[in-house]
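Protein chains in written order, with this note's numbering: chain Y, 16 to 126; chain P, 1002 to 1117.
Simulated from the structure, these hints should not be mistaken for laboratory data. Fair warning: this is a prediction, and the values are worked out from it, not measured in the lab. It is possible that part of the hints are untrue.
[What the hints assert, rightly or not] Derived Cβ-Cβ restraints for the label pairs, each shown as a range:
hint, chain 1, residue 1, chain 2, residue 2, range
1, Y, Gln-75, P, Ser-1084, 46 to 54 Å
2, P, Ser-1019, Y, Glu-71, 26 to 34 Å
3, P, Pro-1041, Y, Asp-42, 47 to 55 Å
[Stated by the list, open to error] Listing some non-contacts, in silico: residues in chain P with all C-beta distances to chain Y over 12 Å:
hint, residue
4, Gln-1039
5, Lys-1042
6, Leu-1047
7, Thr-1050
8, Asn-1052
9, Gly-1054
10, Lys-1056
11, Glu-1060
12, Asp-1066
13, Ser-1074
14, Ser-1084
15, Gln-1104
16, Pro-1105
17, Phe-1108
Every residue gets a Cβ at the ideal spot worked out from N, C-alpha and C, and that includes glycine.
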Amino acid sequence: GENVEQHPSTLSVQEGDSAVIKCTYSDSASNYFPWYKQELGKRPQLIIDIRSNVGEKKDQRIAVTLNKTAKHFSLHITETQPEDSAVYFCAAQANAGKSTFGDGTTLTVKP
Amino acid sequence: GAVVSQHPSWVICKSGTSVKIECRSLDFQATTMFWYRQFPKQSLMLMATSNEGSKATYEQGVEKDKFLINHASLTLSTLTVTSAHPEDSSFYICSARGDGGGQPQHFGDGTRLSIL
């Protein structure tokens, strides 16, 4: 089955700096890669996703890149703000199958 | 759009009690629903996948007779923790997804289950 590895497990940055979270996957059939943000005690929420037919997608301060050959994808957050502090999960999914989640990255943005 | 409602949000009950958790998609038809268990500061552990009108597919190590899942309609799935014990105490989250590949999951708010 699919295996998703996510790094780092914790990340601390100063407000205004950029944050990068990286994930690798093992199943070449995976073609959909969502990223979720989970604030403490709340539900995971989709923040951005990318499909295998594109290499990069951007939404304001958030961007995701995908390298299908290397089987890795990354989340980039620029101009970080304290409200970006949360746990971020990457996931990989093949067609209509189940998503396999990474172990999560706890991001702390220091004011 | 894409709202998923999960109830109850918090349950405390005695050991041996059975607890039912509901997961509803409010504004879309959920072909597939997922049930997760999440321990503090840990990732989402998939317990089972359910498709409307068919039996749930359980992940390895999850007791299907312990965690009963019913997906009777395109908007409702239920998880029943039967004869719950303290070790079943956890945070349970459902998610729902529409038809077709490349669709995101929409999560409920979760249920914190505490068994005394």
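Going through the hints against the structure:
A C-beta distance of roughly 49 Å is found between Gln-75(Y) and Ser-1084(P), which places it inside the suggested range of 46 to 54 Å. The given range of 26 to 34 Å is broken by Ser-1019(P) and Glu-71(Y), whose C-beta atoms sit roughly 48 Å from each other. Taking the beta carbon of each, Pro-1041(P) and Asp-42(Y) are about 29 Å apart, not inside 47 to 55 Å as hinted. At roughly 9 Å from the closest C-beta of chain Y, the C-beta of Gln-1039(P) falls inside 12 Å, breaking its exclusion from the interface.
The claim that Lys-1042(P) lies off the interface is violated: its Cβ sits roughly 7 Å from the closest Cβ of chain Y, which falls inside the 12 Å cut-off. Taking the minimum C-beta to C-beta distance to chain Y, about 6 Å, the non-interface status of Leu-1047(P) is violated against the 12 Å cut. With a minimum CB-CB distance of about 5 Å to chain Y, Thr-1050(P) fails to clear the 12 Å threshold, and the non-interface call is violated. A cut-off of 12 Å between C-beta atoms contradicts the statement that Asn-1052(P) is not in contact with chain Y; the least separation is 10 Å.
The Cβ of Gly-1054(P) lies farther than 12 Å from every Cβ of chain Y, with a closest approach of about 16 Å, so its non-interface assignment holds. Taking the minimum C-beta to C-beta distance to chain Y, about 15 Å, the non-interface status of Lys-1056(P) holds against the 12 Å cut. With a cut of 12 Å on Cβ distances, Glu-1060(P) falls inside the contact zone with chain Y, its closest approach being about 9 Å. No Cβ of chain Y approaches the Cβ of Asp-1066(P) within 12 Å, the least distance being about 22 Å, so the stated non-interface status holds.
Separation of Ser-1074(P) from chain Y is adequate, the least Cβ-Cβ distance of about 19 Å exceeding the 12 Å criterion. Listed as a non-interface residue, Ser-1084(P) keeps its Cβ farther than 12 Å from every Cβ of chain Y; the least gap is roughly 27 Å. Distance check on Gln-1104(P): its Cβ comes as close as 8 Å (rounded) to a Cβ of chain Y, failing to clear the 12 Å threshold; non-interface status is violated. Distance check on Pro-1105(P): its Cβ comes as close as 5 Å (rounded) to a Cβ of chain Y, failing to clear the 12 Å threshold; non-interface status is violated.
Annotated as non-interface, Phe-1108(P) brings its C-beta within 12 Å of a C-beta of chain Y; the closest such distance is 4 Å.
Comparing the model with each earlier hint shows violations of hints 2, 3, 4, 5, 6, 7, 8, 11, 15, 16, 17; every other hint is respected.
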